[in-house]
Structure formats: C-alpha cells, structure tokens
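Trainee: For the record, the sequence lines run as chains A and B. The number in our numbering is simply the position in the first sequence, starting from 1, with 1 added. The number in our numbering is simply the position in the second sequence, starting from 1, with 1 added.
Misleading hints may appear alongside valid ones.
[To be verified] Over 10 Å on every C-beta distance to chain A, these chain B residues come out as not near it, computed from the model:
#, residue
1, Pro54
2, Lys199
3, Ala207
4, Asp248
5, Val276
6, Tyr287
7, Ala319
8, Val339
9, Phe342
10, Ser384
11, Ala419
[Said to hold, decoys possible] Covered stretches of chain A (in silico footprint by chain B; criterion: 3 or more residues with CB under 8 Å from a CB of chain B, positions within the stretch not fixed):
#, stretch
12, 107-118
13, 186-197
14, 231-241
Keep in mind the hints are simulated off the structure, nothing from the lab. Fair warning: this is a prediction, and the values are worked out from it, not measured in the lab. The beta-carbon is built from N, C-alpha and C at its ideal position, and this holds for glycine as well.
There are 2 protein chains.
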Amino acid sequence: MSNDSEGKSGNRKPQILKGFRDYLPEHMRLRQQIIGKFRAVFESHGFEPLDTPVLEYLEVLTGKAGENEKLMYGFEDHGGRKIGLRYDLTVPLARVVAMHQAHIPLPFKRYHIAPVWRAEKPQRGRFREFWQCDADIAGAPSALADAEILAILGESLDAVGLPNYTIQVSHRQLLARVAVWAGIEEGLAGQVYRSVDKLAKIGPDAVVAEMVEGGVEQPAAAKALRLLVEASASDDALGFIRDSLGDDPVADTALAELQEIFEVLPSMGITGKAVFDPTLARGLDYYTGPVFEAVVEEPRIGSVAGGGRYEDLIGSFANRTITATGVSLGLERIIEVVREFDLLPGDGGSADVLVVTMPGAAAYAASVASQFRQAGFRTELSSQPNRSVGDQLKYGSKKGIRFAVIGGEAERESQQVALKDLESGEQRTMSVHEVIQSLQQAE
Amino acid sequence: MSNDSEGKSGNRKPQILKGFRDYLPEHMRLRQQIIGKFRAVFESHGFEPLDTPVLEYLEVLTGKAGENEKLMYGFEDHGGRKIGLRYDLTVPLARVVAMHQAHIPLPFKRYHIAPVWRAEKPQRGRFREFWQCDADIAGAPSALADAEILAILGESLDAVGLPNYTIQVSHRQLLARVAVWAGIEEGLAGQVYRSVDKLAKIGPDAVVAEMVEGGVEQPAAAKALRLLVEASASDDALGFIRDSLGDDPVADTALAELQEIFEVLPSMGITGKAVFDPTLARGLDYYTGPVFEAVVEEPRIGSVAGGGRYEDLIGSFANRTITATGVSLGLERIIEVVREFDLLPGDGGSADVLVVTMPGAAAYAASVASQFRQAGFRTELSSQPNRSVGDQLKYGSKKGIRFAVIGGEAERESQQVALKDLESGEQRTMSVHEVIQSLQQAE
Chain A
2 MSNDSEGKSG
12 NRKPQILKGF
22 RDYLPEHMRL
32 RQQIIGKFRA
42 VFESHGFEPL
52 DTPVLEYLEV
62 LTGKAGENEK
72 LMYGFEDHGG
82 RKIGLRYDLT
92 VPLARVVAMH
102 QAHIPLPFKR
112 YHIAPVWRAE
122 KPQRGRFREF
132 WQCDADIAGA
142 PSALADAEIL
152 AILGESLDAV
162 GLPNYTIQVS
172 HRQLLARVAV
182 WAGIEEGLAG
192 QVYRSVDKLA
202 KIGPDAVVAE
212 MVEGGVEQPA
222 AAKALRLLVE
232 ASASDDALGF
242 IRDSLGDDPV
252 ADTALAELQE
262 IFEVLPSMGI
272 TGKAVFDPTL
282 ARGLDYYTGP
292 VFEAVVEEPR
302 IGSVAGGGRY
312 EDLIGSFANR
322 TITATGVSLG
332 LERIIEVVRE
342 FDLLPGDGGS
352 ADVLVVTMPG
362 AAAYAASVAS
372 QFRQAGFRTE
382 LSSQPNRSVG
392 DQLKYGSKKG
402 IRFAVIGGEA
412 ERESQQVALK
422 DLESGEQRTM
432 SVHEVIQSLQ
442 QAE
Chain B
2 MSNDSEGKSG
12 NRKPQILKGF
22 RDYLPEHMRL
32 RQQIIGKFRA
42 VFESHGFEPL
52 DTPVLEYLEV
62 LTGKAGENEK
72 LMYGFEDHGG
82 RKIGLRYDLT
92 VPLARVVAMH
102 QAHIPLPFKR
112 YHIAPVWRAE
122 KPQRGRFREF
132 WQCDADIAGA
142 PSALADAEIL
152 AILGESLDAV
162 GLPNYTIQVS
172 HRQLLARVAV
182 WAGIEEGLAG
192 QVYRSVDKLA
202 KIGPDAVVAE
212 MVEGGVEQPA
222 AAKALRLLVE
232 ASASDDALGF
242 IRDSLGDDPV
252 ADTALAELQE
262 IFEVLPSMGI
272 TGKAVFDPTL
282 ARGLDYYTGP
292 VFEAVVEEPR
302 IGSVAGGGRY
312 EDLIGSFANR
322 TITATGVSLG
332 LERIIEVVRE
342 FDLLPGDGGS
352 ADVLVVTMPG
362 AAAYAASVAS
372 QFRQAGFRTE
382 LSSQPNRSVG
392 DQLKYGSKKG
402 IRFAVIGGEA
412 ERESQQVALK
422 DLESGEQRTM
432 SVHEVIQSLQ
442 QAE
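Using the sequences plus the hints, can you model the full thing?
Mentor: Written as structure tokens, this is what we have:
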C-alpha cells in the first residue's frame, strides 16, 4: 500500500479514505430495502438479531481465519490495549456464544447484519469497509441445520429478485478424504482447500502447481484434482466419488450428510437451485463439514454468498465443542447486481409530497403538511419560505418528488390548496381533504 | 484509564472490551423496534437516509468539537495514514455535503442512525460505543427549519411512548449578548456556554466559579447568570430578556427567531412540550443559533436528545457558508428508559411457532414449517431431530415460543399435526390448514 499517497497533502479537505465510500440517500434506500428483505427471511425462520462491538481485543480476533487476519485494522487504544476492528461476523458470534452460554439456549439461531473491515488493496467493487449479512445456527450438529441455512440463502436471493443463481454444495471431509485417497498427507488438507478453491479462477494446471508449491507431491495433486473434476462432470457426482473412494467410513458419513441435505431441500422449497459440486472448497480455514457458495453465472457475477459448517471455532472460546453452520451474504455485491439489473422496484424518492411555504403562511403550510403525514404520505415541508414558489417547485423536481401542494394566506380561511403534479405540470385547487382523497385514490 | 488492567492477562479468553457490550437478541429486537419508529418519523418528513464510513482521516475529524476530540479513537493504518473512528455523525455530514455538493440539492434533509466511538471513562449507562440517531437540515437558514427539527424530535419521543419530556429551547446569540451586556468579553463566549451548560448539574455558584476560572470577571459572571436565572423564573422569559438588554439588534434577531419557532410549533402538532429556557446553553462549541435539549424530569432521567443550529461547520469543508440545524437522539439512554418503564409492547420473542422434528420425518416437518411461514408466521424448524420431543418442547418454552407443532411419519399421510400451546399445555390434533386458521383467528 506504499503507493497510496492520498492523505499526506490537503488541509481540512473534505476527503474520504481510499477503499471507503459514502452511502448517499438513493443508494441507502436500496440498501435498506435489501436489508429489510433479508431480515424478513431470517426472522420468518425464527432467527434472532445480534450485534456486537466494532472493536474487539486483538487476541479475540486472531488465530481464526488465516489470510484475512493480515488485513485486519489493529491498533493500541488509550489504555495500551491491543485492539482491532472486526473482519468478519463469525468470530464475534463465537465469542458471544462462549461468553453468554448461561443466557443463550442452544441451538442459537442468530442473524447479524453489520459492517466489517479489511485493509485490502482497493479495486473496483472491493471495499475496505463492507457489510455482511450472516445467518448461523450454533449448537445443532444435524445436517437439517445445514439444509435450513441453504434454504434461507435461497429465499434471501429470491427475495431480492436475483436471477439464475446456483448454490454449489460440497463437504470438507469429502475433499479431505479425496486428498488422502490420492496420496496427499492429511496435514496438507488446508493447502488443498485453498488451492482447489481457486479452480474456477485460475484453472486446473495452476491449482496443481499451487498445491505442489505448498508441499504436495505432483502426482497426488493431479490425481486428487482429476477425481474432483471428473466427478463434477458426471451425472451422479456423489455416486462417482463413493465408488472411487471405496470403503471409507469418514467419506461415507460426509456423503450421507450431503444426501440428507439434498433430500430435505425440496420440502424447504429449494428445488434445482442447489447442486453438489465436488470442486467447491471454500478458502477459509475453519470449515469442517458441508460448505456452500451461491454463484450467479449469467450474467457472470460470481460468488454472492458462502458458508458452511465449522466445528471448532466456538470451541476455541468455550471450553466445549459447539458446532455451528451458517451463511454470509455479501451485501455489496448483491446491491451492485440488484442496481445494475434493476431487480427491485423504485423506492419512490425522498417524499411523496412537497408543501410549498409562502411568506407569512408558514404555520398554514406546516399544518397542511401535518395533515398529509397523518394520512400516511411522506411529506416534506419546504424549508425555504423566503424563496419564490418557482424555486421551491424546482427543488421538488430535483428531488424527484411527484406532487407539490401550494397554499398561502388567501387559501388559509377556506382550507384550500393548489395541488401541482410536478411531472405533468397540471395544477388544480381543492380542499386539503380532497387532495388527500385524490392522492389516496391515485396510489 | 491507567487503572484498567483488563486485557493484559487471558489467552483466547472470550472477553469484551470495557465500555463495550454485546446486543443480545431481546435487546436487539427492542433496539430495532425503536430505530424503526425513529426512521418512520424521519421519513414521514421527507428526510433521507445517509451512512458514512466508520473510519475517517484524522484531519477531517479534528478541530470541530472541542472536548470530544480528546476521546477520539485514532491510529495509523497500514499505509501510515492517520485515521480515526468517528465520534459523532455531524462532522461526517459536513464532509459529505462539501464533497458531494454537485449531487446533493440543498436544503439537504438527512437522517443518520449509526454508532460512534468515544474513549470515555466507562460508567453505568455510559459506553465507548454508542448509537446516535441524527436528523439535520443543511442549507436552510430559516427558523422554520429549526422548528421542523423540534417537531421531529417531539414526534420521535412520542413514537416510543416517552412520558413527560420537555424540550428546552434557547439561542446561542441571545446568551452571547447577555454575556456582553453583563460585561464579559466576546472572546469568552465559549467559556460562558460550557459553564452555563452545567447549571442543572453543578448549581449557580459552581457555574460562576468555573467562569471565573476561565477568565471571566466575577461580577460580570454573576450578573449574566443572575439575568438568565431570573428570566427563567419569569412568566415571559423572552420579554424579560428583551427588556433587560434594551436596544440590541443581534439579540432582537435571536429573539425574533425564537418567537417564530414558538409561533409555528403548534401548527406542527407540538404544543406545551417546547419551552424557552434561557439557562440552556449546550456544551458543544459549534452551535451558533437556536439550541435545544429534550429532558425527562419525572422520572428523573435527564437529557435524551439535543441539537441546534451550526453555521460554520459545513463551511469549514465547503468553500462557502452552508448553515445547518439538527438534532441527535441518544439511542442508548432512550432504550434504557423504554425498557425500564416498559413503554413499548413486547416483541413476541424469536418466533410464533416451533415445528418439532421427529426422527425420519424431517422432510414433513420442513414442509409444515414452510406452510406456516407462507401464512405469515415466524416459524422455527427445530434443528434437533435426534432429541426427544420433550427436549424440543423445552427448548421452545425457553425461547418463549408460544405454540409448538408436532407431526411424525404417522401424520404425514393425512397432513395432520398436533398443535401444543406451550403456555397452557393444551394440545389438539388437526390438519395443518386448520392449525393455520386457528392461529390466524387467535391473533
């Protein structure tokens, strides 16, 4: 990051850090709309909201997520404590479950929608501050829990109108057993996950090369990858792998879990969207069971969400094993897609009605605005009583407000106002009551 | 803070920083309910949502808010940039308005609901991470804008059922002219504001003493304070000050602005709640016009919100004067009050219905749960298919879920389930459709 020179010049310049951005109103309304839809899905499944501090002890944050930790914002506070900004919402969940064991009945189904920070090299569509929408179940070892997470993922993507997504599903234990079957040492499983995870991005040769660089023997690396790719291409990938591995109790358990997940998904309303993809690995170190990722192929957007089962992360804080499974929806990517493809209806701008304020008639305008609000209309009272009516209307148009209401001293007595359609320019004078009725009918 | 020793011991202990806290589900639901009500008020007035990065350049944050800045969390990032966590939402607004002038039509009415950080000495009810709910109007010099902010403040407090609050209103220019009238140098106005602001907390003698310590002559300090206190006690405080100051154009303008505010407020639905209180000063440096504070006297809770007009803050970034006025609602204090006095109805817990999962009948349970969700019930599918029905019901009771639905293989054919009321213990067997109907009628 030494090539960044921003911030060294300038004096009280209104500047923003590279990799960060303001969420202006139009963007925020879309953001709130999408977050609202995710929340509705999560809550419909009985998931509960959780929030945690942005700042944590550095030692709480470290040792959990491999690569991502290097990108952590860490520093010393006034009291000399080493602290950091959270880089995901999973480690805080683990800490919370461990700290509040007495008050949290298990299984604990929680969602958490909040920003996280990673000092990544800024690039198009990649930010140093970004939001995650996570739903996790802690304390339920059943594959039914994984299936529910997958159902929630599908419902969430459906809720925002995302087209043509596929949820790829695999299993870390299966991948581990394929590696062992191919002759790779068990201790190198992490290297296998990280390399195979890049298959779609860098291709099979580079994946094998990376594994070799990480200490895997070339023939074993090639053999493992070949099986995964061949299984992928087969009509019955699960059967293909089962037959290839032969008698392997660990692999059989993993296969049975996947089978259970795929059997129950249709009853959860997920059909066809979720597929077994043996080449899916996920990069994060802490997954131990089923893993999954939602990708949009057409248009070619890539991954919009991912997750899986992690058995040891919560246990690293609590003094017992508490297995968990969950998904993280990448809000920024999803917003980008929704915006680019116009997947959700418009938000109606900042207000439905602008009440123009005439000199000496501010009180009348204020009371008219109150009446519109009581009738359920988002109503902006113009804050520019000293500007001309024309200027105030121009402001309304700029803001995309459809209707303006104009009433001066003369109209006060009769409780009349002029209603002006800022799109068509049409204007009629009526009582406040009639205007409200006509707008309600127009809705 | 050298007496804090937390954080120096411990190894992967699940610990949280002092002055920070987790927002567990029950608290979060109340929080979301309150934030939702504030948002509804803000949006009904045509205010638009804004969010900004948590991290800003240190030089953007400094030089704006006096005392509060000492409490800032500041550090160097990986690129050697001096950065900090925002300590309020007003400075970010000023930066945004200056940076995005071309895209933001003025007046800009925005709300911002988000956490801020201050390294204050932790104490009961005071946190280092806390949320503010701000509504501001930038670019509208009219007192009508101040009045609207006051109306929004009142409506927000009403929306969460806050009892017996008073909105105290005063004017910085009036206070400044009282100080000059009493013989205090104009340059010491800041000292006067900060000291008078503490009147309710420390009493008149201590206020005078503090002013004297800050360089004000004792007789002048006493004279200014006496006028403010006497005006406070009078039936016509505005008139009392006008008569005392005599011919003073600056004071007259301030008085006229206050008059205008109080004249329009009833048309905005605010009657009796807002009162002129000449002893109100507000501690922050940047206010330049009307200032206000909402206090709850009975029960004795104190300040729950405050704000005012600030003319120069946005101009310190933009190269022109953009006057603004706004209010900040203290979410933490308000939540505490709502919780303590049970001002809002219960939130209904995590789910309406728990669907018990019987061995071998997970798919049936999942499809029953889907049907309940489609009918609009928040429905938790039990993630413990391997636990007894009794254990699953116990979990439902612990979570405060009112109804459990139980269906095994035997019921699948007939689409029947048992509906159990976890409060009364009553249980009946019906079709899924009948259960949904009976729950809808019970609502």
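Trainee: If a hint holds in the structure, say so; if it doesn't, say that too.
Mentor: Right, here's what the structure says about each hint:
The non-interface label for B/Pro54 is inconsistent with chain A: the shortest C-beta to C-beta separation is roughly 4 Å, within 10 Å. Annotated as non-interface, B/Lys199 keeps its C-beta farther than 10 Å from every C-beta of chain A; the closest such distance is 24 Å. Annotated as non-interface, B/Ala207 keeps its C-beta farther than 10 Å from every C-beta of chain A; the closest such distance is 28 Å. With a least CB separation of 26 Å from chain A, B/Asp248 remains clear of the 10 Å interface cut-off, as annotated.
The non-interface label for B/Val276 is consistent with chain A: the shortest C-beta to C-beta separation is roughly 19 Å, beyond 10 Å. Remark: the non-interface label on B/Tyr287 is consistent with the geometry, its nearest Cβ contact in chain A lying 14 Å away (cut-off 10 Å). B/Ala319, annotated as away from the interface, has a beta carbon of chain A within 10 Å; the closest lies near 7 Å. Separation of B/Val339 from chain A is adequate, the least Cβ-Cβ distance of about 17 Å exceeding the 10 Å criterion.
B/Phe342, annotated as away from the interface, keeps every beta carbon of chain A farther than 10 Å; the closest lies near 23 Å. With a closest Cβ-Cβ approach of about 4 Å to chain A, B/Ser384 is found to fall inside the 10 Å limit, against its non-interface label. With 10 Å as the threshold on Cβ separation, the claim that B/Ala419 sits away from chain A holds: the shortest Cβ distance comes to roughly 19 Å. Under the rule that three or more residues need a Cβ within less than 8 Å of chain B, the assignment of the stretch 107-118 of chain A holds, with 5 such residues.
For the stretch 186-197 of chain A, the stated coverage by chain B is violated: 0 residues have a C-beta nearer than 8 Å to a C-beta of that chain, whereas at least 3 were required. With 0 residues carrying a beta carbon less than 8 Å from a beta carbon of chain B, the stretch 231-241 of chain A misses the three-residue requirement, and the given coverage is violated.
Of the hints listed earlier, those the structure fails to meet are numbers 1, 7, 10, 13 and 14, in rising order.
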